[in-house]
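**Student:** Residue-level listing of the chains:
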Amino acid sequence: MESNLNLLALLNLFLPLVSFAILIFFGKKIGESAHWVALTLIGITLVIAMFFFSTVFSPHEGPILQSSIQWFTTGSFTLYLGFLINNVAAIMLLVVALISFLVHLYSVEYMKGDPRYSRYFAYLGIFTFSMNGIVLADSLVMMYVFWELVGLSSYLLIGFWFEKDSAANACKKAFLTNRVGDIGMFIGMMILFFTVGTFQLDGLADGVKDGAFSGNMQLLTIAGILVFMGAVGKSAQFPLHIWLPDAMEGPTPVSALIHAATMVAAGVYMVVRIFPILTPGALEFIAVVGAITALMAAIIAITQNDIKRVLAYSTVSQLGYMIMALGVGAYQAGFFHLTTHAMFKACLFLCSGSVIHAMHHALHELHDHDTDPQDMRFMGGLKSKMPITYWSMLIATLAIAGVPFFSGFLSKDAILAGTLSYYHSHHGWTIFLPLAGFGAAAITAFYMFRLIFMTFYGKPYEQKIHAHIHESPVKMTFPLILLSVFSLALIFTLPNTVNPVDSHGWFTHAVPMVQNNAGLDMHAVEEGIHHAHYTAMTLSLIVAGLGIFVSVLFYLLQKIDASKISSFMNKFKFYDISFNKFYIDEIYNFLLYKPFLGLSWIASKLDWDLYDQKFIDGWGWITLKLSDKSGDADYNWLDQKIVDGFGNLTNYFGKNLKLSQNGVVQNYLLGGMLGVVLLIIIFQQF
Amino acid sequence: MESSILTFLIFLPVAGAALMLPFSKLYGKENTHYFKWIALITTGIQFALALILYRKFDPALSVTESPFTVQIDWIKHFNIQYFLGVDGLSMPMVLLTALLSFICILASWKIEKQALGYFSLFLLLDAGMMGVFLALDFFLFYVFWEVMLLPMYFLIGIWGGPQRMYAAIKFFLYTLFGSVFMLLAMLALYYYSDPHTFNLITLIQTASSIDASIWGFSVKYLIWIGLFIGFAIKVPIFPFHTWLPLAHVEAPTAISVILAGVLLKMGTYGLLRISYPLLPGEVVNFSYILAVLGVINIIWGAVNAIAQIDMKKMVAYSSVSHMGYVLLGMAAAISESSAGAQAGMNGAVMQMFNHGTITAMLFLLVGMVYDRAHHRWIIFPRDYEKPELAGQPGFGGIGAQVPIYTGFVALAFFAGLGLPALSGFISEAMCFIGGFSAFRTLTIIGTLGILLNAIYFLRAYQRIFLGPLNETYKDLTDINKIELATIVPLAIITLVLGVYPAPLLNMIAPAMDGIIQIVQSAL
Amino acid sequence: MGENIFLMIAGLVIASAFWVVFSPNLIHSAVSLLFTLFGTAGLYVFLYADFIAATQVVIYVGGILVLIIFGVMLTNRIDTPSIAAGSANQFIGGIGAFAIFVMQIGVIFNTPWQIGNNQSRETTVDTIGKLLLNEYLLPFEIVSILLLAALMGAALLSRRN
Amino acid sequence: MDSLNSYLVIAAVLFALGIYGVITRKNAVAILMGIELILNSANINFIAFNRFGGMETLDGHVFSIFVIVLAAAEAAVALAIVINLFKNIGSVNVDDADLLKG
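Residue numbers (the numbering used here), protein chains in the order written: chain Z, 1 to 686; chain Y, 687 to 1209; chain C, 1210 to 1370; chain V, 1371 to 1472.
There is no bait here: all hints are sound.
Here are the simulated lysine-lysine pairs, DSS-like style, with alpha carbons at most 27 Å apart:
hint, chain 1, residue 1, chain 2, residue 2
1, Z, Lys559, Z, Lys459
2, V, Lys1396, Z, Lys658
3, Z, Lys112, Z, Lys385
4, Z, Lys475, Z, Lys383
5, V, Lys1396, Z, Lys655
6, Y, Lys1160, Y, Lys1072
7, Z, Lys383, Z, Lys559
8, V, Lys1396, V, Lys1457
9, Y, Lys1160, Z, Lys29
10, Y, Lys796, Y, Lys722
11, Z, Lys29, Y, Lys1167
12, Y, Lys1160, Z, Lys164
13, Z, Lys164, Z, Lys112
14, Z, Lys655, Z, Lys641
15, Y, Lys799, Y, Lys1167
16, Y, Lys1072, Z, Lys605
17, Y, Lys1160, Z, Lys28
18, Y, Lys1167, Z, Lys28
19, Z, Lys383, Z, Lys459
20, Y, Lys722, Y, Lys1167
21, Z, Lys475, Z, Lys28
22, Z, Lys464, Z, Lys383
23, Z, Lys385, Z, Lys559
24, Z, Lys641, Z, Lys625
25, Y, Lys1160, Z, Lys112
26, Z, Lys383, Z, Lys112
27, Y, Lys799, Y, Lys711
A short list of chain Z residues far from chain C (calculated; beta carbon distances all over 12 Å):
hint, residue
28, Ser33
29, Pro63
30, Gln66
31, Gly82
32, Asp165
33, Gly211
34, Leu363
35, Asp370
36, Leu482
37, Thr650
By construction, these hints were calculated from the structure, which means they are not laboratory data. Think of the CB as a built atom: it goes at the ideal place given N, C-alpha and C, for glycine as much as any other residue.
Okay, chain Z solo, but in the shape it has when bound:
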């Protein structure tokens, strides 16, 4: 049984990679039928994921599958690769496989005719592979490996239309921003490894429980925050959220898959996985980050006109919710929201894709290349033209706005209850958390309905365009319908309850409360959430209703002129701040990126023009000068005077002694005789 499960997990992991490999190497030959390869393999993956999901319901102790093999070892430093499938992972696997499959299906139509059609499916394959890797990983190292691979596939997919400068910039920005977070994660991993001695998730949890950090919980807090940095990058939390809106430069199905449902959820999933070792201090930090993100992104989303950007900021905001939920200890709620959000946000993105697709084709037929097909101001009145898209999108919008009977209500409600309970137990400044939660909920309801009304209601912007709009084909609408169905509350509560406001369905059974080994009393948290439940529900209903009501006033009935309000708000620069995303990009650009590039330019000048050319070559110069001098001394003095002096002396004597060699034999004889005389004198032989 174990080995069969192992094999299945392996298949689940590697089938998408096989799809990638086939399409990358034989993509040219396969061409237009690339999607068949991808669909088949992802389909099998989906079936396997469903199988794992089904095991969630069979009663079991501990994880469904836990196995690992040694990756490599140097003796005492050993890394393992392995699977750890528990209920959370099994659910996540299904979410990934399902949305991936639907996006594949959707893309068949959406990407038709693209010159790099097969490449697109290959990239989807490697993304699914990497994402599955994160889900299955049983150690932080393996998670980090796939974490980065997800970053790569995201890079490739955002930059899929790399001929556009904006896409090329966006993919780089996404990768680099993610890397910032990854550095933190890497350092956190190292701290954990050298304190506990392992990278394994269960090993870390056990180690913390056994007191590896006892007496040094501060370090564990820091480690937790550092590892969370990875999630900040990947899940687009403040202050690293800037990449996600730009990532909308990728094809819309990709946005649905990666930048709404799965990859950005990986950060949340990672926090879920390491939840047992997060200290209350780290969780507090996490909650604050999540709250700031949720509120700020929601405020930005109000003023955006690009349909995908609105959705992107709404994604950031919702991710903030999830992170905040985990931070306040509402572990279940956070993961629940991840799941529900994956469904309705994927649906929203695919719907927007359907709209954009229709707009694009309409504009194309009109040979209009100046109008932005993504700008909501050019839409309007599409309800009649695109009924399926409209209804799907409406359902998903209701879900995200937190309206009862829809899934978002259940999960968001639980999160808000968590924040309230957190305030109840901590008091003081923590009131910010529920305030941010409810505020963001109201704003979310407002801007989501703004989106619906601007797109589908009212008068068309231009009749000409409107006339050319058609409903998308079935390959695109089928995923929409399916995902909108999955946005219904009943899907998550059946068969335990049919009460639309009671979230205690199969999901809460499947994802029981975990123990926090780092000092958070989960029972107390659960208790608190339970108590705050009804207050939160009531409040959330009120704020959601308020948001929808204002939106109706503004955009459907147009009782209030939005532009007046915005210009009024702009007296305090509120509108500009929101529209320009709090100027965070500009601030980064101005305070970090530009100065850094300048710094690197200065560094290169220092290194080359100053250090090398002046200092190092200066030595050369000094040496040359010295050698000039010494050469001078050497030649003019040593060589010319002393060495040549000897030569000259010899020459002089030679010239003069030459005269003795005059060929006159008698002179030689005379010399010989004198020599004899000399010798005799010397030796005194007499």
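Put chains Y, C and V on the given structure of chain Z with help from the hints.
**Tutor:** Just chains Y, C and V, lined up with the frame of chain Z:
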């Protein structure tokens, strides 16, 4: 057979170079394909021998037990021996040298200018490199070290770019400067050890008992400094690094590959082979500085690479950065945690090998685009010779034009920035993990390199391959068969070692254990 | 009586030798050499060397001196008024020669010569003849061959072209 | 006066004069005459030593015979050379025969 294989590895290229002479006499110097084929076959056989060696190599055996070891008296009077041996430290380097030499001959296939000289010098260089990695006698080591210098000087100086003479002289002087210190250290080791010997295995025992001082400095300390300067220049360790960008930029493609792929490794190899086992006490005292220099290398190299607008210069600075990882990993040998020490040391040697393959790919790829476009500016400099191009992007959007080439560049760039599943990641991560166990703060600063490396690689990738196609290059041709043959083996190695590094690690680990033990015993 | 004759002969020898060396005329030198050689032969007689004295007269005076005079004649034009025999290096040469002479004198008078019995005045010819044909046979033959070779060589050298 | 030393002194005089002649004379034939003087001085010594040295035999005489023979040979060859020299350079002045001049 077994004991002569090392000798063959070294002297086969010399024989190949000698064989070229009769051919040049018989067929004339113009028939360059004879020389090319001789060089190719020679390096091919050498590579095959290296593979055979790898097959038979048993990492568990120490050098003294290994059947490959050759130990013959050379200059008996001074106790100098012809002493060759192979262990887990040198084995990856031998494989790397043989592989890169073979590939570089292929990459030099277009060389027509004085081909006889080029290929024979190249083979001599090959022999020198092989000798450095196999020699276990310090004197022999030094001889090979210097043997390799001269062909390099000519290869840069004759076949290089516009500033080739300047670059060649700079390279030569820098390296010679280091060699002098190394020579002094070598002689000091010889005279202060008892009995006088150059034998590196014997010196492990005797060198540590040196107990003398000159001018108030301990001799061991001075020897360490001398060796360190000699090796640091080769690595190159900041602040001795500035020969590298220039030499890499000016050298022909294949020589850049050898420079970055093999020559840089000699510095760290020398440290691990000589400084570490012989002077463990000094290693302990010095490791903090080593780690600091490693981190400086990582950051400084990367920061400089970001500002570069010449592709080759960027890759050259990336080498500076990547060699920093090696230093950081090596410094971890003193770590109290045995896992940390092992991770660091093994990571360092792996990084040496991996950087050799990755940077070779990078230089080969830059060379390919240079062959086609005749420039390699990411952005034309402001004082470019054609004023209408100054400040303009050099390429742009050629990703769609040359997809296969782009794919390989992406692979190489991502390997360079340490993407998991490519070999660079594992070794870099291990260096960091090792470094972290010994020097926390430093390593945390060093991890910035993860980001900085990504910045320049991705910026360059975007500027060259992404965005709208630059119309100048709409006829750019994709990679050809010979180029494919040079790049594919490296790409495969990068991928395989990224996924399954165990074969490399198993080879290295026992040797590193020995070095760690020596160093730890001096703690 | 004998003493006086000896002194006379010795004076003759030395005086004529001086003239050989210092005479500006080559012919005078040659003639003067004749007297020196004769005188020497006389000295031999005083030394009881009758055979050597005879040989001296026959070979030197009769052979060598004639040869020298032939040489003088052959190498100087007859019409020159005096056959000049110039000198050079007289000063240094004189000092050198004188120095050598002084040294010789020094050696002669400072050496305790071993003086043996005076030999009887009997003829030396038979003894010399026996010596030549017994003990000195080989040198004798070699010298004769040398002489032959020298003569042949001289003839060859002085042949016209 | 009939003593060894008187003969030796005569021989020494002859020798010194011979040397002087050989060194100072320009004419090759005159040099030859100097040589004859030297040889004669040597002969005188031979005979004198044989006479006063207490010799039983007459080896000194034999030696002087050999010297005389050599002198004859020498004179013959030397004169042949002198004649040749005269034929070649038109002079017997040894200063003119300076082909060895450096």
